[in-house]
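Residue strings, one per chain:
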Amino acid sequence: MAIHEPERIWWNPLSKDERLWVAVALIWMLVSFIFMPIYHIVGSQNPPSETYAVSAEQFDKLVKGMVEKYKVGEENGFPVVHPKPGEPVYLKASMWQWYPVVELEKGKEYKLHLSSMDINHGFSLQPINLNFQALPGYDYVLTITPTTSGVFHIVCNEYCGVGHHMMVGKMYVK
Amino acid sequence: MANFDFRTCSISGLKIDKASENLVRWNLIAAFATLAVGGLFALLVALTRWPSVHLLPLEFYYRFLTLHGIDALLAWIIFFEIALVHFTSAVLLGTRSYVPWLGWLAFALMLIGGGVINVIVLLGKADVMFTSYVPLKADPIYYLGVILFAVGALLGFIIFFINVILSKRDGGYKRSLPLGVFGLGAASIIAVLTLLHGAGIFVPTLLWSMNLIPNVDPSAYRLVFWGLGHSSQQINVCAMVSVWYMTSAFVVGGKPVNEKLSRTAFVLYILFINIASEHHLLVDPVLSTWHKIVNTSYMMHLAVLASMIHAFAIPASMEVALREQGYTRGLFEWVKKAPWSNPAFSGIAISILLFGFLGGITGVIFGTEQFNIIRHNTWAITGHFHGTVVAGTTIAFMGFTYLLIPYIFKRELIWKGFATIQPYLYGVGVAILSIGMMSAGAFGIPRRHYDVTFSGAPFSFTFDPAVDMFMSMMGVGAVLAVLGGVLYILIAFGSVIFGKEVQ
Ligand code: HEM
Ligand SMILES: [Cu+2]
Ligand SMILES: [Cu+2]
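Which chain is which? The protein sequence lines are A and B, in order.
Using my numbering, the letters of the first sequence map in sequence onto residues 1 to 174.
Using my numbering, the letters of the second sequence map in sequence onto residues 1 to 503.
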């Protein structure tokens, strides 16, 4: 019993049922184990790992440069930018906003750079529900190709203080 | 040994010395109390996230959520586990506690640490969630409280090794530990490794909060923090599985069908789980893809294999025992005749079922890198771990309490009828809560979020209207679970104080 010392010899062979169960479980685990790397190679939606170290000032400068060059309008006090396809897109997280509003073109590939000016934030693109982490000091590069046009919102889903629930940004795909 | 004060429990036949009895008792009392506090915060937080109630003001929601995480996940679970350390390493072996003073030191540190954390958070100086990701900063006292608690827990788990080593000398066992003790041994090994990660990250963070070092890297913090935070979930799993085996033995006389298999499965936990912690970082910058894949695919599945083995071995042990008692008709007579009205038994049965189907399966899914993109930091994650650490570990511990009260406190349970329904009520509540959270999370509802209508935000966004239903479902489940929790607390404290003494 689990509450008593086992008999002298407990290193006994498994019974038929046990061997069958372990074999089935092991095969199942092996299948899930290879599934993830295989999907990483053949699938089209995987977490990227391209990262650069960047200071808040450097990243802020990159954002400003992009806004100056590609600003096409303004919305609720936020500049709306429409970067040329292929040009890097910078999205800045800070307490408590996503800056600026970006406009992308459907079917074109972009490099979307995420970084935070202060503490951790969570990039959560709605309503399609894609989630990535934005950390201060790091530039996280998502290579994306928008496949549907419309209006998207970026919700913050990493707790970032009392304004956390007001941290909503916007993205257009045209 | 003659000069130590042993008694023999009239129900279980366990030989219990006074010092171990007191250590188990007080750790359990602390566990009940912290669960009561954690549960109160759970109710308030849940009623805030139930859209039509939205109870708490902004700061209090985050403050109480921080404390719900601390009191439930840290305090309740670890106090109970330290009680299990003393129970398995002394009481089950029939030998004494060799270092009671260390047990009391550990207990005092945990109590002080937990108290300090609660006070500093309630004062509003540490609204940082239990994860306290840097550079979000809390008052240094907060990190100090965490360190005190963790050092206490570390000492508590070290006692396991001291007791077990010395017990052999006094004939507590001859060659091999009983399986229940072995499982707690696995838990204690993982605990020591885990708590060292804790020191590795909370000490620098404390120094940083006191401006003694300039910064702590946010990415390194997350990596080492989850070396603590996730691996400690494996302490919980080992302790829970041990409780499953022990309850099966105590209640139906179940015997592990193959000791080799069950023990190997515990070893798999020790070997592979620390590394699998990286599923918390699947959508983080910095770590390379193959690093993530090796850790979360290869390593994780070997730990899951271990759970699959226990999922077979424990019901099998019950089936064999019940069939030996004569319930042999058909395939399932033993299931029908199992002691379903004994809350210790129904507790672990519910725990096994919900841990596997709610917590386990969703864990394997959300831990896959592609699925993680569509679930990370949504409420689905909170739903998943209420399936593991609440519907699994907490319910198993609740069930085991109904055995420990007569064995250790020498009291009969009060309110036997309510005790019979308690695991069912709590289980159904948590299941509804967890499914509600997972469903809302599938629509993108974030965790730790005060207002999903985003009032005051520069841009307005409305989730799919279906989320309202799922968030309310969470609320209904929460109320049921809290009722079950209140029953548990009342029965536990009530029996300890007013229960009829066992002769
Ligand atoms: C009556 C039972 C319980 C109810 C109704 C409940 C409810 C909740 C709710 C509503 C949340 C908030 C999610 C959010 O707003 O993001 C939460 C978070 C959490 N719960 Fe529970 N819970 C219960 C029991 C427990 C227990 C027993 C544990 C631990 C063993 C636990 C561990 C946690 C943790 C770790 C969090 C996450 C806190 C965070 O995000 O920082 N819960 N719970
Ligand atoms: Cu934020
Ligand atoms: Cu936030």
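Source of the hints: derived by calculation from the structure; they are not laboratory data.
Any given hint could turn out to be false.
Covered by chain A, per the in silico footprint, the following chain B stretches (three or more residues, Cβ under 8 angstroms) [said to hold, decoys possible]:
#1 55–67
#2 115–125
#3 446–454
Just so you know, even glycine gets a beta-carbon here, dropped at the ideal spot from N, CA and C.
These are the hints, each one checked on the structure:
no. : hint    : result
1   : 55–67   : holds (count 3)
2   : 115–125 : violated (count 0)
3   : 446–454 : holds (count 8)
When held up to the earlier numbered hints, the structure conflicts with hint 2 and nothing else.
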